[in-house]
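**Student:** Each chain, letter by letter, is given below.
Protein chains: 2
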Amino acid sequence: MPIQRQDVEYITELLNERNYKVLRSVFDDMNSVDLASAIESLPQEQALIAFRTLPKETEAEVFAEFDSDMQQKIVEAITDTELSRIIDDLWVDDAVDMIEEMPAQLVNRVLRNSSPETRSLINQFLNYPENSAGSVMTSEFTKLSKDMTVKEAIEHIRKVGEDRETIYTCYVIDADRHLEGKVTVKELLLANDNELIKNIMETEQPFTVTTDDREDAAKLLAKYDLIALPVVDAQNHLVGIITIDDALDVLREETTEDFHKMAAISPSEKPYLKTSVFRLAANRFVWLLCLMLSGMVTGAILGSYEAVYSSIPVLVSFMPMLTGTGGNAGSQSSTMVIRGMALGEIKVSDIFYVVWKEFRISIIVGIILAAANYIRLLIMYGNLGLIPLVVALAQIGAIIMAKTIGSILPIVAKMLKIDPAIMAAPLITTIVDAVTLVLYYSIAGKLLM
Amino acid sequence: MPIQRQDVEYITELLNERNYKVLRSVFDDMNSVDLASAIESLPQEQALIAFRTLPKETEAEVFAEFDSDMQQKIVEAITDTELSRIIDDLWVDDAVDMIEEMPAQLVNRVLRNSSPETRSLINQFLNYPENSAGSVMTSEFTKLSKDMTVKEAIEHIRKVGEDRETIYTCYVIDADRHLEGKVTVKELLLANDNELIKNIMETEQPFTVTTDDREDAAKLLAKYDLIALPVVDAQNHLVGIITIDDALDVLREETTEDFHKMAAISPSEKPYLKTSVFRLAANRFVWLLCLMLSGMVTGAILGSYEAVYSSIPVLVSFMPMLTGTGGNAGSQSSTMVIRGMALGEIKVSDIFYVVWKEFRISIIVGIILAAANYIRLLIMYGNLGLIPLVVALAQIGAIIMAKTIGSILPIVAKMLKIDPAIMAAPLITTIVDAVTLVLYYSIAGKLLM
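So the protein sequences, as listed, match chains W and U. Read in order, the letters of the first sequence correspond to residues 9 to 457 in our numbering. Read in order, the letters of the second sequence correspond to residues 9 to 457 in our numbering.
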């Protein structure tokens with residue numbers, strides 16, 4: 009259960025009393041996620057003492073749950089022997105995550121203190137491209153050979169299982185480490201002891217390549233309801249697995265990135281509360297500047313209609329409503345399409361179907377909204393002559409164009425291998441602003457001047 | 009691997025040749041996810057024949073993967089005996105998902121053809137509130153008692169495992185079905201045969217209550233890296249588990265809902281391509297209407313400054329840039345806060361910290377953008393007198409107000425138990441439009457008239 013205020017207070021009290029015996033038994037009852045967040049919420053001095061009070065077996069597990077700032081502080085404070093023990097106990101993917109966030113001199117100290125095998129694995133992982141399947145996989149998995157019996161396989165798992173991040177899916181490989189099949193522990197337990205693995209293994213299975221995109225790999229786990237996905241290298245050797253908990257983290261991070269991009273924010277890795285004001289300002293500034301420049305272009309276009317609005321100033325008061333509704337209508341369409349593509353529900357080949365659908369939606373929505381608007385204008389400003397008609401026509405046109413633009417741009421981006429999430433509300437509303445105002449004042453110029 | 013065009017063509021060919029023997033062997037090599045999507049892409053007649061060609065054991069598994077339209081068509085076409093066999097083979101949560109989407113007369117036929125136990129389970133599930141933990145749990149899980157030895161436990165799993173959706177986490181319950189602890193199959197396999205379960209079980213573990221929100225339950229699985237989460241009723245009886253694959257689906261659905269709400273679309277359950285134009289139009293219309301009405305209010309406020317812009321019409325051409333930049337700056341803040349709260353990174357109690365952070369960001373971003381703008385205006389329109397200063401001041405003010413409003417409103421919504429996702433771009437930009445224009449024309453009125 010989530011860590012409570014009183015737990016932290018109790019731990020602080022025990023630390024002050026130097027009652028390490030009771031503290032150890034409190035720690036024993038807590039899981040590593042809660043332990044890590046309790047220790048993180050202590051003042052630095054006490055956090056270090058608390059961390060050192062942990063039983064050796066859980067040290068690495070708790071360490072893996074800390075955020076990178078806390079990990080750095082610990083690494084700086086502990087001895088080389090302690091460091092070396094923790095690193096060798098960490099899952100390799102967690103060790104790599106830690107190292108990626110660290111300043112260079114600490115990285116060197118960490119690598120110096122890992123065992124040769126761990127160091128070579130870490131180096132191998134660090135070389136996989138960012139956001140690749142290789143960068144999130146773990147190299148600890150259970151290998152079986154197809155000529156084992158079920159009984160031998162279970163014995164093998166019982167022997168080596170302690171070092172493996174997940175044992176529930178075992179992979180069958182040949183002498184050259186080529187992936188031949190998989191068998192789950194469930195299948196092993198339900199099979200006859202003397203059955204051969206080759207008779208019960210599944211040979212057709214989803215897999216990913218180290219250089220594939222980590223998001224695509226994570227989606228495969230989600231699609232096929234897997235708890236682990238095998239990762240092979242270019243020569244089809246099995247080199248690791250991606251576990252469901254890491255896949256879940258990947259999907260959440262990628263989704264957060266989409267949310268941010270869709271709000272014109274350059275994505276950042278750190279949580280909001282831990283990112284500096286300058287970093288946050290920088291992540292937002294570039295996009296705001298681009299959009300401001302587009303807004304200036306809209307202003308320049310608008311300037312060419314000065315004759316219209318300076319002779320009929322009341323037209324100005326309908327501008328926010330027209331651009332606002334247009335922008336919102338366009339963002340609805342682009343969000344639908346961007347999210348649909350992210351979920352794999354909409355494909356590039358659906359472009360005509362999607363645009364035709366959005367076109368029909370825009371006709372329905374546009375006509376009803378414009379009609380409501382027209383009636384309101386007739387009632388409230390009966391003396392405006394043709395102006396209500398101008399507003400209504402501009403509104404229908406704006407909504408149709410907005411939904412068409414909003415649905416086409418994300419798909420076109422995908423075709424051009426640009427992230428569709430960029431074609432979201434901010435850019436769409438900026439484009440729709442310009443288009444709506446040109447339409448509005450053109451119609452006004454024709455009908456009123 | 010994803011289903012290929014040629015697979016479907018090959019299946020069609022085999023169906024046309026009535027070569028059911030080869031077809032069966034093709035089906036044997038495919039997993040249920042790919043099988044379901046291959047069959048769904050066939051014309052209806054052929055899809056039915058293909059479905060009937062499936063081996064009895066995989067029928068239910070493939071059926072569970074179909075979308076609800078296809079499930080209905082199958083249910084309408086098969087005999088009561090076939091229906092009854094499929095339903096009893098389905099996991100109860102899949103059967104419930106199917107029933108929730110069906111018209112009433114089909115639901116009755118389905119319930120009539122399930123075994124009494126399945127029917128009572130389905131009814132029990134249907135009574136859990138929508139979006140509750142109870143509505144996504146499965147009642148098939150492995151129960152152990154604490155006085156079993158490891159050997160007995162493994163034998164028990166081997167005996168009953170076939171009916172259980174996940175066997176990897178087993179739950180220890182007392183005679184009254186109260187949850188006492190859990191033990192994973194990994195722990196069982198690594199333990200000594202004669203060890204008692206009570207000595208190796210974990211007694212402290214995250215759990216959820218049937219009436220809890222399903223999203224909170226899914227987040228617990230993600231937070232603690234679980235593959236199953238126990239669900240208890242109000243009397244603390246263990247009644248089911250939520251598995252990681254279902255939790256992942258919940259998180260994806262809830263995220264999609266957030267995306268849609270944040271774009272002013274009422275959430276819908278069905279995928280975009282399967283939703284009718286009228287349904288989609290209706291989901292978007294209400295919000296557009298509300299936002300249009302707010303836009304009218306902005307227009308009315310703007311009307312009161314007619315004296316200002318009718319005497320200095322050039323002011324109008326800077327409006328889209330000012331409202332656009334303000335709206336985008338506000339949406340950036342609200343998106344950051346909404347997503348941060350959804351991930352649990354930002355809490356209601358952080359409100360002052362967040363607003364202070366956004367205020368400092370807005371000062372930095374606002375001053376730089378306004379300065380850039382001011383210089384541009386001086387260069388391009390040197391003869392505008394104080395107008396560049398008015399635009400720059402309005403811009404700084406608009407960005408500060410936008411980021412403050414954008415960061416406060418989602419947190420206030422959360423305090424009032426309203427979904428923060430509603431306080432996103434569409435609403436924020438509408439509010440910021442009004443505030444920006446009032447500020448702009450007030451400054452213009454003071455400095456220029």
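Derived from the structure by calculation, the hints contain no laboratory data. Just so it is clear, the structure is predicted and the values come from calculations on it, not from any experiment. It is possible that part of the hints are untrue.
The list treats identical chains as interchangeable, and a pair is accepted whether it falls inside one copy or across any two copies.
Taking lysine-lysine pairs in the DSS-like style, the calculated list, with each CA pair at most 27 Å apart, reads [claimed, not checked]: (1) Lys-425 with Lys-454; (2) Lys-206 with Lys-151; (3) Lys-167 with Lys-151; (4) Lys-29 with Lys-206; (5) Lys-206 with Lys-355; (6) Lys-231 with Lys-159; (7) Lys-454 with Lys-282; (8) Lys-422 with Lys-231; (9) Lys-29 with Lys-194; (10) Lys-425 with Lys-154.
**Student:** Hint by hint, note whether the structure agrees.
**Tutor:** Hint check results:
1. Lys-425 with Lys-454: neither (41 Å within a copy, 50 Å between copies)
2. Lys-206 with Lys-151: Within one copy only: 13 Å inside, 31 Å across.
3. Lys-167 with Lys-151: both (12 Å within a copy, 26 Å between copies)
4. Lys-29 with Lys-206: between (51 Å within a copy, 24 Å between copies)
5. Lys-206 with Lys-355: neither (38 Å within a copy, 52 Å between copies)
6. Lys-231 with Lys-159: neither (32 Å within a copy, 35 Å between copies)
7. Lys-454 with Lys-282: For Lys-454 and Lys-282, neither the intra-copy (55 Å) nor the inter-copy (41 Å) Cα distance is at most 27 Å.
8. Lys-422 with Lys-231: within (21 Å within a copy, 32 Å between copies)
9. Lys-29 with Lys-194: Neither way: Lys-29 and Lys-194 sit 40 Å apart in one copy and 30 Å across, limit 27 Å.
10. Lys-425 with Lys-154: neither (42 Å within a copy, 56 Å between copies)
Figure legend: structure checked against the earlier numbered hints; hints not met, in rising order: 1, 5, 6, 7, 9 and 10.
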